[in-house]
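Colleague: With the hints as your guide, set chains Z and A onto chain V.
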Amino acid sequence: MFPKNTWYVACTPDEIDGKPLGRTICNEQIVFFRAEQGKVAAVEDFCPHRGAPLSLGFVRNGQLVCGYHGLEMGCDGKCSSMPGQRVRGFPSIRAYPVVERHGFIWVWTGDATLADPDKIPELHWANNPDWAYGGGLYHVQCDYRLMVDNLMDLTHETYVHASSIGQPEIEEAAPETKVNGDEVITSRYMENISAPPFWQAALRGNNLADDVPVDRWQICRFTPPSHVMIEVGVAHAGKGGYDAPAEFKASSIVVDFITPETETSIWYFWGMARNFNPQDQALTDRIREGQGKIFAEDLDMLESQQRNLLKYADRQLLKLNIDGGGVQARRIIDRLLKEEATSSADTAVAS
Amino acid sequence: MFPKNTWYVACTPDEIDGKPLGRTICNEQIVFFRAEQGKVAAVEDFCPHRGAPLSLGFVRNGQLVCGYHGLEMGCDGKCSSMPGQRVRGFPSIRAYPVVERHGFIWVWTGDATLADPDKIPELHWANNPDWAYGGGLYHVQCDYRLMVDNLMDLTHETYVHASSIGQPEIEEAAPETKVNGDEVITSRYMENISAPPFWQAALRGNNLADDVPVDRWQICRFTPPSHVMIEVGVAHAGKGGYDAPAEFKASSIVVDFITPETETSIWYFWGMARNFNPQDQALTDRIREGQGKIFAEDLDMLESQQRNLLKYADRQLLKLNIDGGGVQARRIIDRLLKEEATSSADTAVAS
Amino acid sequence: MFPKNTWYVACTPDEIDGKPLGRTICNEQIVFFRAEQGKVAAVEDFCPHRGAPLSLGFVRNGQLVCGYHGLEMGCDGKCSSMPGQRVRGFPSIRAYPVVERHGFIWVWTGDATLADPDKIPELHWANNPDWAYGGGLYHVQCDYRLMVDNLMDLTHETYVHASSIGQPEIEEAAPETKVNGDEVITSRYMENISAPPFWQAALRGNNLADDVPVDRWQICRFTPPSHVMIEVGVAHAGKGGYDAPAEFKASSIVVDFITPETETSIWYFWGMARNFNPQDQALTDRIREGQGKIFAEDLDMLESQQRNLLKYADRQLLKLNIDGGGVQARRIIDRLLKEEATSSADTAVAS
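Residue numbers (full-length UniProt numbering), protein chains in the order written: chain V, 1 to 351; chain Z, 1 to 351; chain A, 1 to 351.
It is worth saying that the hints were derived from the structure and are not from the lab.
Identical copies go unnamed one by one, so any copy, or any two together, can satisfy a pair.
No more than 25 Å apart at the CA atoms, straight line, and that leaves these computed lysine to any residue pairs for SDA-like:
hint	residue 1	residue 2
1	K311	S265
2	K311	E261
3	K78	L310
4	K319	R94
Just so we're clear, the structure is a prediction, and the values are computed from it rather than from any experiment.
Okay, chain V solo, but in the shape it has when bound (with noise of 0.2 Å):
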């Protein structure tokens, strides 16, 4: 169960760089494009003609051609042309609300009439010279929410990522949630203790002593239907912390969109946006590419306990303080789910 009146990143602008991409996306299977005037189009990746999925054609003059026998899908869903054909009377299929923003493309899989572009959420850090943003694409097979809960606590650093940025200190600092409207926040502050590796590099990346104590901080923020980003850094120690001066701390910000394929599965959309050294590719390469060892990791353990959930449907889990930010956040989407059921009901009744 996943809302669908939302947007959902549905990919990067690189993946559909010259070709369409098929993806599905909340059930629905989708062919995105770029169609005229290089405008990102998303349609059904279904041929009305013969069913062969249109994703394996290609775009010619803005036109999703199928690669099957030429019918040419516009970014509507209706067929504009096919050869010899006459294609007025073809019937169109289903094309989705989309909009590129921030680096992402995003799709709408619900009630199209209600896809309003000022709900995809402002990212600060996008857009911005002052910062620079690099991530990767896991597929996973595992409940969305698995993810949320995941990003939403992490004392599991200290195990599943021992090696890079886990440390015991994460575990014994008790974190804290709020709920603000929509927004879910769970906190963990970590005083004068010494920074895992991945944060030794950081401040290394940063002209920083790395050998010193430091304050962490890590602030993760759920909004809906399920977009984490996390605040995480380190300052040198008693410097101020998470207020402390620039040229005494170094800090991220982790990014992760979470779009559900199906009910157990997900594209994991992951990356860090920083602040310092932003022109620096090379420290930006650096970032992913450890970034993406780190994220691994937790991959063959969400689907692992995915396996095991579906195999043991009847119990219940524990909420401890520790998963605050993970139960708050299904209040919210359990809250969404329950709204568009209700919404679709009373259109149902009105027509």
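Modeller: Relative to chain V, chains Z and A alone:
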């Protein structure tokens, strides 16, 4: 759904050379082998002793010996002997009518009392020294009718086979479909065009200039249950096209026997019969290799189309003029299926 | 269907050396590990916190630590601690009776109150310096009873193992099956034959001539739920066969513990115990390697047979004299299953 009271190509003789072959055809698990005097035989792939597949065994003195405990099976589905056992009371397994003809092994998976070898199609090019044949086998995950559609609408060559036999002139020339009893014929003629790479090579192979305009033809002939023979060729332009004298043309017959394995998978026997340079085995090999590469280009499209059709089970597909061959072929198939259903109902009443 | 109130071999000690082992046995997902003082323990492979498999974690101070968020599980299925948490109210998970004996870890997947370690079979060759043992583990996709059938009817050696231990004389000598309480014994004796390659090597390994006629024996002993011990050997012909003095024979015990994973898959622990040259580790390794190759020859046959039986679910199989061992073994298994069903019904009534 496929007709069962009909002959399907099961395998080629080399596939049962020295060992049995297990193959599922029309959902029947069958083992093919050479019985006494090299006569081909086909029985259920199930040993009545402990259920092992007989195809894991071997042939000895014309009997199929189970590779688990040595039960010997005859070509009639009756156990002929077993070490240390009296076999008279052993249950029989099903034997299938099977005929070796025209370089193929043909099997009848329906009512054996109706299996008339005279119903095996005549192939004038087989067993004829003026003709050469080369071909291969692909295992494809699609409904056999999707492959019939594919072969009866060669418009797809422009897209799927753009670099070999495809050219824009194909889709610009409207095909014509005729039904002649149980035969469906879809023809397309293109005049004064340049030959695509495959046909340039064929012209050279026939000692003809390959850089002059040609007339090209494609005459697809469907006969039930799922055989498609396609007369294809080019002639130097203005020499009479399809009817041009042999010294001005290169032509051949594309041979397609499509045998259902299950509702959504097939054994696809493809090949080419030609009547020029029939003794040139190297040419035969070269053509087979080229055809194999071209025909492999269809597989991903057909399997993707099949998956799409299973997901969008309720969608109606278009039936355009280019689809006429496939549409008419399905009508004939549907009639045969209906006749089979009626006939077996009659049998049920009578018995 | 498999008895659950019984001891199954779960794993060998090396498999839980320094790390936990997750393994499904009788449809139960279990994690095995060494708890305090090296005592073996087995609990459900499910962390009560968030459902992660505990087998992805590690052992610390005899506690099984979840690799996701650090919950510590004791060998009794009760959470012993968790960083920053009070664990008293945490739900327990199931603990399984488990015993390390005879070089194997044994688990009881049924009613724990009935788990009597004295019911673990005595293995006279284990823990005995006059004997050596070597073996391995195969994961096979078949019903455990098909493997019992296989081992109680060695006729198959003539076919499946033709190049190593098979020989026509096996199927020419009729076996005899006796039932002795819960034990089924199938014996076969062959006199004055030539030794097949495996036994020639064993004769040489025992410093005996390998090119003289031998007497050969195979005595298969089934005990429930699914253990099969086979006394096998050859003696120089005329020296007394099975009863010949040690200096004229090479013999050993084929050891088979067949542990159901699911209804159609098993953990197959195979090996060989011998009482000649027991200190010769190189010989042990050589025998294990040879046996491993021979026993691997059965797997394709058994998995193919299993698939066939699932497809032909309604067919009755033959029960010949050679099948007597398997047939009697199934009778005992069926009786045990019936007793278990009755006993649990009684319990239900009583409670």
